[in-house]
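S.K.: Chain residues, written in single-letter form:
Protein chains: 2
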Amino acid sequence: MRGAVLYGPRDVRLEEREAPKIIEPTDAIIRLPATCVCGSDLWDYRGIDPFTQPTPMGHEYCGIVEEVGRAVTTIKRGQFVIGSFFASDNTCPNCQAGYQSSCQHRELVGGAQAGMLRVPLADGTLVATPDPPSDDLIPSLLTLSDVMGTGWFAAEAANVKPGTTSAVVGDGAVGLLGVLSARQMGAERIIAMSRHEPRQKLAREFGATDIVTERGDDGVARIQELTDGIGADSVLECVGTHESMMQAIRSTRPGGFVGYVGVPHGVELDTHELFFAHVHLHGGPAPVRRFLPELIDLVWNRKINPGKVFDLTLPLENVAEGYRAMDERRAIKTLLRP
Amino acid sequence: MRGAVLYGPRDVRLEEREAPKIIEPTDAIIRLPATCVCGSDLWDYRGIDPFTQPTPMGHEYCGIVEEVGRAVTTIKRGQFVIGSFFASDNTCPNCQAGYQSSCQHRELVGGAQAGMLRVPLADGTLVATPDPPSDDLIPSLLTLSDVMGTGWFAAEAANVKPGTTSAVVGDGAVGLLGVLSARQMGAERIIAMSRHEPRQKLAREFGATDIVTERGDDGVARIQELTDGIGADSVLECVGTHESMMQAIRSTRPGGFVGYVGVPHGVELDTHELFFAHVHLHGGPAPVRRFLPELIDLVWNRKINPGKVFDLTLPLENVAEGYRAMDERRAIKTLLRP
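Respectively, the protein sequence lines represent chains U and A. Throughout the first sequence, residue numbering follows our numbering, covering 580 to 917 in sequence. Throughout the second sequence, residue numbering follows our numbering, covering 580 to 917 in sequence.
A couple of the hints might just be wrong.
The list cannot tell twin chains apart, which means a pair is met if one copy fits it or any two copies do.
[As the list claims (entries may be wrong)] Here are the simulated lysine to any residue pairs, SDA-like style, with alpha carbons at most 25 angstroms apart:
id, residue 1, residue 2
1, Lys740, Gln675
2, Lys740, Pro672
3, Lys600, Ser713
4, Lys600, Arg903
5, Lys740, Phe854
6, Lys740, Thr670
Hints listed in this document are in silico derivations from the structure and should not be mistaken for laboratory results. Note that the structure is a prediction, hence the values are computed from the model and not measured.
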């Protein structure tokens, strides 16, 4: 089996890897019709996150169950399934509270940029579609594994409600799907912050009513201007840098909500400022498992089409170009066909 | 008129000050039957907050309206009123959203450790009791001006709901009234963190079901132990130090809520840790005005007795001793009788 392996900054290679097999009796092996590159893969790709050894890449997946361990009871061979980047038992108190990405037995899923994948805790992690999907649904179903679930969590953590004003910081795939999520949750006004024309266009398609091209303090000033000097009710932080986080907090009205899903890199909160900002702050790794049934239903019934974030499709052989295109912001998100 | 003035670290003096008068037409002047020392006054008293000039102290007040400006329409001479440390117009969008302490026209009220006080924006700030209160109600009514309203906000920001488990970090007056608030909001289990026997006693009287005497990592370990390794649903942070804030965050279950009302002093949040902690964070200066009608009703009908936090009553002349007793933790909170 061939899979993508990161060897160092900007050095990702497709190489022969051992095909995954059942290790724990709760595992499943799935065959992947498609996989993709995540914005968070770029932290590693750019050498920003510490890196020690060649690492099989990829944590977004969906596909056909090929084999299950002997302790797996609900997931069956032949089902088309989707799971989260954090495997979870879905029974512990944290899972029951809806925070499966803080499952007491969680395991990171890795190596999904390949043709086959081992998923731990299959019964707790995987959710099956009603039937095998038609091929055109696969990109959208694949987004539910992370990027769509994460945008959805940003909107939910930011308390998006019908009739309210949302702002979205970040025009990567997560931010764009944050726009889609805010629209789906009934936000009346959705301000997307983006300087990139193709991304602005997709943001509008997903439901953005306003585009703000300014960043940092200027971006905050523009949001304040658009909201009568009060700030937005809900702000989705979908980047993870210090600048984006401060932009989010300062764009939120007192009593408003910041939902943050960008893994923080160098974010330093001025806690005195945060105190007087009066915002609600919630976020973290998205508990994708919680949202899967609802999101599968929305995709299955063609109510949402999050797969539109894939503006580049490549065969898995060209994975290196898939990373490069995202790194250079030539592509929003790369779909890879094994 | 005599009032308390801070001259420098641990140097508070009672001195002759000019009696307040109407400056703006929206002002009211009230006569104070009692006033008190706030835990937050100790930041100044201890020289921790920057200090430039002699400062009239005190921001907690209730009393009889003596005079109102010509633009004041709802507050009348002779009413017994309570207000917040932040005067607010109660009409701007932030006030309407329930965040009067972020009012677009807010003004800090100061100099309340005296016999008389000027309160700006009287109509928006002050709430009258149904009738003049009996003398024994005055301490409890006085707490509503800040300390009780702040404990209440901590519990509300921490999302205390019937049947849940709350923990309270801080055994000052705010923390103790956070316990009372959590009980009032229906928490089933309330864990008070305190090493001081008289404060533990009052915490139990206010509704604490468990006492944890350990602090820092040991305190966190104890909370985890008491909650089956999950953490509390709601944690009230009522101190404002780095240690207390980290203790609060680490004592909260994934998906749980931290309500923080201690003005942050030296708090440095590890945003990576915060992200993976999955907690909700909300706090700030309490929007006391929002809570006044409900809290006045509870005190008036003797459903709560927050005035019990005053374990030292002194004539205003002895204000210096009032500060000393709190600074040395000999007193929980000092009531001053002008």
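S.K.: Give a verdict on every hint.
M.R.: Evaluated hints:
1. Lys740 <-> Gln675: both (24 angstroms within a copy, 18 angstroms between copies)
2. Lys740 <-> Pro672: between (27 angstroms within a copy, 18 angstroms between copies)
3. Lys600 <-> Ser713: neither (27 angstroms within a copy, 78 angstroms between copies)
4. Lys600 <-> Arg903: neither (31 angstroms within a copy, 70 angstroms between copies)
5. Lys740 <-> Phe854: For Lys740 and Phe854, both the intra-copy (24 angstroms) and inter-copy (23 angstroms) Cα distances are at most 25 angstroms.
6. Lys740 <-> Thr670: between (29 angstroms within a copy, 23 angstroms between copies)
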